[in-house]
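Protein chains in written order, with UniProt numbering: chain U, 1 to 493; chain S, 1 to 483.
None of these hints come from the bench; they were simulated from the model.
Hints may contain errors.
As the list claims (entries may be wrong) - Away from chain U, derived, C-beta distances all over 10 Å, residues of chain S: (1) Ile22; (2) Phe45; (3) Asn64; (4) Ile133; (5) Glu136; (6) Lys152; (7) Arg159; (8) Ile177; (9) Leu178; (10) Asn322; (11) Glu355.
To be verified - So the derived list for chain S, only partly shown, Cβ under 8 Å to chain U, looks like this: (12) Leu67; (13) Tyr132; (14) Ile147; (15) Gly150; (16) Leu155; (17) Phe166; (18) Gly167; (19) Thr170; (20) Leu225; (21) Leu466.
Unchecked claim - Straight-line distance between alpha carbons at most 25 Å, and here's what the computed DSS-like set of lysine-lysine pairs gives: (22) S:Lys24 <-> U:Lys453; (23) S:Lys152 <-> U:Lys453; (24) S:Lys202 <-> U:Lys412; (25) U:Lys450 <-> S:Lys24; (26) U:Lys453 <-> U:Lys107; (27) U:Lys453 <-> S:Lys26; (28) U:Lys107 <-> U:Lys28.
We put the CB at the ideal spot given by N, CA and C, even for glycine.
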Amino acid sequence: MDVAKNFPLVIILILFIGAFIMPLLKNKIYNKAFSLMTIGISSVLSLITLVYVNRYGTFLYRVGHWDSPWGIELSIGILEAIMSLLLTSVAFVISWYSVYTIEKEIKDNKVCFYYTLINILVGALLGIVYTNDLFNAFVFIEVSAIAACGIIVVKDKKENIKATLKYLILSSVGSGLVLMGIAFIYSITGNLNMTFINKELSQTFMAYENSILISLGLFTIGLGIKSAMYPLHVWLPDAHSNAPSTSSAMLSALVLKAYVIFYIKILYRMFGEEIISQFPILLFMVLILGSLGMIMGSILAILQKDIKRVIAYSSVAQMGYIFFGIGLGNTIGLVSTFFHILNHAIIKSALFLTVGSMIEKTGQKKLFALKGIGKEMPITLGLFTVSALSMVGIPILPGFISKFNFAIGSIKGGKSIFVVVILISSLLNALYYFPIVINGYFGEENLEGKVFKSKEKTIKELMPILVLIIAALILGASSNKIIEMISNGVEVF
Amino acid sequence: MKNSLILFPILFPQIAALIMGIIKFKNNKRRNIYIGTVIVLNLVFIIALLSTNQSMDFHLIKINNLLDIYFRIDKLGILFVLLASILWIFTAFYSFVYMPHEGKEKRFFLYFMLTLGVTVGIAFSGNLFTLYIFYEYLTLATFPLVIHSGSKEALRVGRKYLIYSFGGATLALLGIILIFTLTNSVTFMEFGILQGLTLDNKDLLLIIYMIMFIGFGVKAALVPLHSWLPAAMVAPTPVSSLLHAVAVVKSGIFALIRVSYFIFGSEVLYEIRGNYYISILVVLTILMGSLLALHQDNLKKRLAYSTVSQLGYILLGIVLLNEESLTGGLLHLVNHAVIKITLFFCVGAIYFMTEKKYINEIKGIGKEMPITMGCFAISAISLVGIPPTNGFVSKWYLALGGLEENKILFAVILLVSAMLTAGYLLPIVITAFFPGEEKKIIKKEPPLSMLIPIVTLTAIVVTLGLFPNIVLHLIEDIVKGIV
Chain U
1 MDVAKNFPLV
11 IILILFIGAF
21 IMPLLKNKIY
31 NKAFSLMTIG
41 ISSVLSLITL
51 VYVNRYGTFL
61 YRVGHWDSPW
71 GIELSIGILE
81 AIMSLLLTSV
91 AFVISWYSVY
101 TIEKEIKDNK
111 VCFYYTLINI
121 LVGALLGIVY
131 TNDLFNAFVF
141 IEVSAIAACG
151 IIVVKDKKEN
161 IKATLKYLIL
171 SSVGSGLVLM
181 GIAFIYSITG
191 NLNMTFINKE
201 LSQTFMAYEN
211 SILISLGLFT
221 IGLGIKSAMY
231 PLHVWLPDAH
241 SNAPSTSSAM
251 LSALVLKAYV
261 IFYIKILYRM
271 FGEEIISQFP
281 ILLFMVLILG
291 SLGMIMGSIL
301 AILQKDIKRV
311 IAYSSVAQMG
321 YIFFGIGLGN
331 TIGLVSTFFH
341 ILNHAIIKSA
351 LFLTVGSMIE
361 KTGQKKLFAL
371 KGIGKEMPIT
381 LGLFTVSALS
391 MVGIPILPGF
401 ISKFNFAIGS
411 IKGGKSIFVV
421 VILISSLLNA
431 LYYFPIVING
441 YFGEENLEGK
451 VFKSKEKTIK
461 ELMPILVLII
471 AALILGASSN
481 KIIEMISNGV
491 EVF
Chain S
1 MKNSLILFPI
11 LFPQIAALIM
21 GIIKFKNNKR
31 RNIYIGTVIV
41 LNLVFIIALL
51 STNQSMDFHL
61 IKINNLLDIY
71 FRIDKLGILF
81 VLLASILWIF
91 TAFYSFVYMP
101 HEGKEKRFFL
111 YFMLTLGVTV
121 GIAFSGNLFT
131 LYIFYEYLTL
141 ATFPLVIHSG
151 SKEALRVGRK
161 YLIYSFGGAT
171 LALLGIILIF
181 TLTNSVTFME
191 FGILQGLTLD
201 NKDLLLIIYM
211 IMFIGFGVKA
221 ALVPLHSWLP
231 AAMVAPTPVS
241 SLLHAVAVVK
251 SGIFALIRVS
261 YFIFGSEVLY
271 EIRGNYYISI
281 LVVLTILMGS
291 LLALHQDNLK
301 KRLAYSTVSQ
311 LGYILLGIVL
321 LNEESLTGGL
331 LHLVNHAVIK
341 ITLFFCVGAI
351 YFMTEKKYIN
361 EIKGIGKEMP
371 ITMGCFAISA
381 ISLVGIPPTN
391 GFVSKWYLAL
401 GGLEENKILF
411 AVILLVSAML
421 TAGYLLPIVI
431 TAFFPGEEKK
441 IIKKEPPLSM
451 LIPIVTLTAI
461 VVTLGLFPNI
471 VLHLIEDIVK
481 GIV
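Construct the entire structure; sequences and hints are all you get.
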């Protein structure tokens with residue numbers, strides 16, 4: 001079974017090599033098949049890795065057999081394995097959906113380019129998740145940023161270019177801050193491997209208190225920009241709402257999450273709990289910004305008139321939950337964060353894909369123009385409704401489970417007052433998701449002149465979304481097992 | 001696995017509703033037979049279930065002590081479920097005649113049956129969490145009924161209904177989470193689950209109780225959170241009657257009884273003086289409801305405000321925390337349900353036959369529709385509480401409960417409110433029967449199939465007044481177990 005130890009590297013290599021072979025294949029169909037195949041293989045390998053890690057525990061993998069302070073090291077624990085399974089399988093489903101629709105959103109000659117970028121993006125995100133080396137992580141961050149910009153601009157419209165530039169600039173600022181943070185750490189410890197840095201820091205941190213605080217701040221802000229922590233989210237609504245729907249799904253569900261994982265690694269693997277607890281102000285700030293994001297993201301979403309922007313702002317709110325969990329600073333908060341990452345990745349991609357289908361079939365993206373859509377596309381809106389209910393936190397759907405865990409986490413952490421924030425935020429969620437559903441299905445005026453099922457997509461094309469919804473339901477129903485697994489992972493993190 | 005049968009009355013109407021959504025019926029008559037059969041069968045099944053075994057419980061999904069979907073049958077649940085199922089049958093038969101003129105019957109009956117299943121779920125919930133789920137689900141299932149007409153006005157009201165209900169449910173959820181962190185359990189137990197807890201944090205408990213009371217109180221139309229209820233009168237009459245009589249407001253009341261007596265327990269509530277603060281809101285509810293009802297010109301709105309006030313009585317019965325008052329409250333829960341549904345059916349019949357919905361339009365209608373208005377008059381008198389009607393019995397017990405607490409104030413409020421009730425209901429009867437001017441009388445009695453539910457319900461009202469012991473024994477039995 002030891003061959004499984006090679007799989008993380010193999011996954012990254014398959015994706016990257018695949019990306020470079022694809023431009024050589026002239027035919028679109030080959031491209032799609034090839035991209036799906038590589039991502040599919042990597043998700044199977046991720047699954048095997050997860051099983052392996054679950055049985056034999058965390059392992060370190062030396063790339064090219066160089067020992068650790070010199071060579072690059074990958075560190076695969078349960079959490080990394082879960083995340084890589086999530087990233088690859090959600091990316092697979094999104095790509096599966098895009099096979100049917102991508103030509104409708106981007107020009108034919110860009111299709112090959114799009115799939116190349118997707119492969120690079122997924123590979124880079126996996127790299128961020130796996131790596132135990134700071135500089136290696138930085139390289140993957142940059143690669144993923146470029147690829148993410150690519151899948152936004154691939155649509156070739158004026159507003160896409162504008163949104164991409166905005167994203168590119170802010171994202172570069174973020175990477176720059178991260179790089180400076182790395183520089184601080186490197187100058188203190190002389191190491192880039194996180195395990196080694198941790199060893200050095202635990203002995204010498206008293207001497208470098210200010211430098212450490214600064215570098216913590218730099219990492220927080222830098223990665224905060226990249227994963228849309230409120231109020232650093234300004235690039236997100238433009239980028240996510242203008243990109244092709246499949247790209248939006250990819251960006252919102254996966255790209256934001258990888259940086260969070262990296263941030264958690266920096267906090268708990270590199271600095272370690274001991275140092276973090278020296279600076280309570282840091283986690284408190286993250287908690288406050290997370291809470292602000294939960295509330296403000298939802299309020300901003302209520303004010304939007306464009307359906308994709310609503311979903312995009314909802315991502316800001318959901319990222320708020322994720323930072324909230326980190327900010328709680330206890331195990332249960334961290335566990336809830338991981339669970340919420342899973343839940344949000346699945347649900348948000350389902351939301352973006354359903355909304356994408358609506359926009360594709362009606363040609364409208366304004367909320368008022370989408371009234372009565374429930375009569376024309378009942379199944380699509382039905383899938384949207386289930387996802388929306390999960391977002392709002394109707395029990396047994398995964399959204400409720402994660403909110404519930406956040407609530408328990410904040411009470412256990414002695415911050416009961418933040419339960420109110422969670423509840424207000426779920427109410428606000430209801431305020432922008434329900435009108436879409438209600439105006440879609442009900443209302444005499446809304447339904448006038450609409451023909452039942454006239455614009456519904458075929459079952460074949462809806463299959464990927466259905467798979468996502470089923471995955472979400474399974475996630476909710478078997479949440480106790482998954483949470484137990486995550487808790488085991490967090491303990492050995 | 002025998003205990004899993006408890007799921008049947010919850011799921012059966014819902015599955016039947018979904019099946020109805022899929023298949024197409026040849027004509028309306030067949031569809032009505034199908035619906036009638038489902039609802040009656042459900043009642044038969046519930047009775048069969050209850051007669052075989054009085055105490056059953058079943059865990060559907062258990063994730064941890066809180067996230068646990070757990071059903072249990074107890075006497076309070078039996079009372080609620082029988083009340084709901086029986087009134088549902090009447091409403092169904094009434095709706096068969098009434099709904100065609102509102103249109104979209106298929107959608108109506110789909111959600112109508114769905115709501116029955118949800119209501120049974122509320123009655124059989126064995127812990128707060130399950131109750132909460134069904135409470136939220138109830139909002140979602142009744143929403144399409146409220147906005148049935150689909151007009152702009154209806155959608156606006158629907159939004160109000162959703163915001164109020166979800167706001168309330170969220171507060172309740174906050175309370176549930178807090179309770180859970182204190183006790184690590186939310187299962188309903190007679191005399192409450194907080195017994196063993198050291199009461200050094202009385203303030204916290206008081207806050208939790210207030211939060212939950214206000215949260216669940218939204219559906220029970222507690223003033224000042226009642227305004228969704230009169231607004232929801234845009235719904236078709238059978239919906240209004242159901243919302244008022246059993247499904248929604250009584251679920252709120254039922255949840256409050258569960259919270260007060262099965263989670264906190266009357267002793268703990270005494271300790272933290274939770275009842276004291278709440279009773280101010282309750283008194284306000286009784287008086288405000290009656291006063292607002294006085295100057296409503298729309299018949300349905302007048303009845304809606306009357307519901308607000310009557311619910312106040314039931315809440316009073318809950319918060320006085322003694323046996324008499326709770327007996328009175330539960331009795332009034334039953335009586336008010338039967339009376340109010342009759343009143344709504346009568347008003348609906350008037351609208352159905354003459355398209356009239358304001359009081360000044362119905363002068364002399366008593367002579368045109370003597371049976372309908374006769375039933376209305378009997379029910380109105382019962383609600384006022386003139387002996388020997390059933391309203392009198394429940395108010396008698398409530399007054400006794402108030403006196404037991406040495407609070408004459410409550411008895412006085414009950415009397416004042418009874419006067420006000422007479423003040424807003426009897427003028428309708430008087431205008432209907434004594435128009436003061438002679439008109440040519442044309443008989444406009446509604447069709448027989450509509451009259452039968454009305455007359456039968458009136459007969460039940462009268463019976464409950466003359467022989468209150470039938471229900472009283474059951475209720476006293478319940479009360480002994482929990483106070």
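If you test the structure against every hint from before, which numbers come out violated?
Hints 3, 4, 5, 6, 7, 8, 9, 20, 21 and 26 are the ones this structure does not satisfy, whereas the remaining hints hold.
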